[in-house]
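Undergrad: Below are the chains, spelled out letter by letter.
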Amino acid sequence: MEITVLAFGIARDIFGGNSIQIQVDGATTGNLKAILEQQYPRLKELASYMIAVNDEYAPDNRTINISDEIAIIPPVSGG
Amino acid sequence: MIDVLLSSEPLDVTHCINLVRSPDCGGIDVFIGTVRSQTKGKQVVRLEFEAYERMAVKEMRRIARQAIEQWPVHKIAAHHRTGILQVGEVPVVIAVSAAHRDAAFDACRYIIDTLKQTVPIWKKEVFGDGEVWVAAHP
Chain A
21 MEITVLAFGI ARDIFGGNSI QIQVDGATTG NLKAILEQQY PRLKELASYM IAVNDEYAPD
81 NRTINISDEI AIIPPVSGG
Chain B
302 MIDVLLSSEP LDVTHCINLV RSPDCGGIDV FIGTVRSQTK GKQVVRLEFE AYERMAVKEM
362 RRIARQAIEQ WPVHKIAAHH RTGILQVGEV PVVIAVSAAH RDAAFDACRY IIDTLKQTVP
422 IWKKEVFGDG EVWVAAHP
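Residue numbers (this note's numbering), protein chains in the order written: chain A, 21 to 99; chain B, 302 to 439.
Calculated from the structure, these hints are not laboratory results.
All clues given are correct.
Taking CB as the label site, the calculated pair distances span: (1) B:E390 <-> A:G36: 26 to 36 Å; (2) A:S87 <-> B:G431: 32 to 42 Å; (3) A:I86 <-> B:N319: 43 to 53 Å; (4) A:E76 <-> B:S309: 16 to 26 Å; (5) B:H401 <-> A:E57: 47 to 57 Å; (6) A:E65 <-> B:D430: 20 to 30 Å.
Simulated crosslink set (DSSO-like; lysine-lysine; CA at most 30 Å straight-line): (7) A:K64 <-> B:K417; (8) B:K425 <-> A:K53; (9) B:K425 <-> B:K343; (10) B:K376 <-> B:K359; (11) A:K64 <-> B:K341; (12) B:K417 <-> A:K53; (13) B:K343 <-> A:K64; (14) A:K53 <-> B:K359; (15) A:K64 <-> B:K425; (16) A:K64 <-> B:K359.
Covered by chain B, per the in silico footprint, the following chain A stretches (three or more residues, Cβ under 8 Å): (17) 21-30; (18) 58-71; (19) 80-94.
Note that the structure is a prediction, hence the values are computed from the model and not measured.
Note that CB positions come from ideal geometry on N, CA and C, so glycine has one too.
Make a model of the complete structure from these sequences and hints.
TA: What follows is the structure, encoded as structure tokens:
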């Protein structure tokens with residue numbers, strides 16, 4: 021299935037846009053990270069990053085469904 | 302009572318204080334973040350904040366709820382800016398009222414510290430000769 025991944029902060033610079041479409045099959049957030057890092061190696065240079073599923077931080081074993089809103093959350097720096 | 306706001310308009314510190322006023326409270330603790338002119342000796346031209354808005358509001362509410370569970374505080378206002386901010390402007394205001402000051406101080410500190418760690422808001426520092434997403438790289 022093809023999913024949309026929203027990007028913010030430096031992830032937006034790395035993706036070159038506010039979101040990307042990416043092909044994943046039976047994926048978990050951990051699989052998605054591996055696919056993203058393969059296509060966008062600069063992600064590996066970040067201090068850390070998380071995947072959010074439907075506005076919540078998700079562990080690496082979270083299953084991704086077609087209807088989920090997926091976002092990549094690079095290190096936050098509010099305040 | 303929890304009042305959370307993410308706004309592209311200037312924050313109103315007095316409004317935040319008034320939101321948490323209560324006759325049951327003996328004090329209000331307020332943290333006001335301000336844009337600093339320098340980072341590691343480099344002159345800052347401006348800051349640019351962006352947020353994953355729906356999640357940021359949700360996360361700010363969660364933190365405020367946690368503070369109310371942990372300390373005997375009455376009301377919390379947590380307001381954060383997005384967009385471009387100049388030196389001296391206010392990116393964040395946390396106001397907490399409580400019957401006694403210890404709870405207000407502790408809760409206020411918890412909220413700003415946790416906000417900086419978990420709320421999906423990003424700050425880009427713009428210098429005269431370049432720009433950097435704060436905390437992005439080790």
